[in-house]
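For the protein sequence lines, the chains are D and F, in the order given.
Heads up: the first sequence begins at 1 in the numbering used here, then just goes up one per residue.
Heads up: the second sequence begins at 1 in the numbering used here, then just goes up one per residue.
By construction, these hints were calculated from the structure, which means they are not laboratory data.
As the structure is a prediction and not an experimental result, all values here were calculated from the model.
Keep in mind that the hints are not guaranteed to be accurate.
[Claimed, not checked] With a straight-line cut-off of 35 angstroms between C-alpha atoms, the simulated DSBU-like cross-links for lysine-lysine are:
hint, chain 1, residue 1, chain 2, residue 2
1, D, Lys-63, D, Lys-79
2, D, Lys-42, D, Lys-69
3, F, Lys-80, D, Lys-63
4, D, Lys-42, D, Lys-68
5, F, Lys-80, D, Lys-69
6, D, Lys-59, D, Lys-79
[Stated by the list, open to error] To spell it out: a stretch of chain F is covered by chain D in this simulated footprint if at least three of its residues, at any positions, have a beta carbon under 8 angstroms from a beta carbon of chain D; those stretches are:
hint, segment
7, 42–51
8, 72–79
Ideal Cβ positions, reconstructed from N, Cα and C, are used throughout, including at glycine.
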Amino acid sequence: EDQVTQSPEALRLQEGESSSLNCSYTVSGLRGLFWYRQDPGKGPEFLFTLYSAGEEKEKERLKATLTKKESFLHITAPKPEDSATYLCAALFQGAQKLVFGQGTRLTINP
Amino acid sequence: SQTIHQWPATLVQPVGSPLSLECTVEGTSNPNLYWYRQAAGRGLQLLFYSVGIGQISSEVPQNLSASRPQDRQFILSSKKLLLSDSGFYLCAWRTPAGYTFGSGTRLTVV
């Protein structure tokens, strides 16, 4: 069964303290790996799509990378406004649906 | 421009009452549409998806149903709500870049 697992479940950082969030997936032909940001009570906001191992994408303090079995969301010098839940999702070969991980709740303390 | 609308934003309903949540998209035609549910502190679970008018695929057996009466309209319904139907319901549509989500409906069954 296709699965997506995120770690850690929750992460607290001080402002400016860089770190990485992990998303691992079981492989049955990956068509795309998606990262979303979700604020409380709101729908997920699209961040990145990665399609092949070795691909990297950046947006402000965030950089997403992809290997054959996992993806990382690196956050550099985070600010309190980066606090949110970050969701990872995968689209597998022959599937119509995104399979989501449980999310990582990130808190940045000033 | 392409947008997705979802309403209502919040809903409190008694057990046994009916439900109707509506999702519409603008600026596109024949979109793939999805209903997801997010339980507190958990990832998103796909409930239904539709690739065209009148075409509904169900992912999990449940107390809910979906319909697509028009090209850009997707409706989630129930005849009799259960306490376990409480959650955050999200509509999404598939774009070339990824999946775009609506703002969500917080349903509380009391």
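| task | Would you pick out the hints that fail for this structure and give their numbers low to high? | result | 3, 5 and 8
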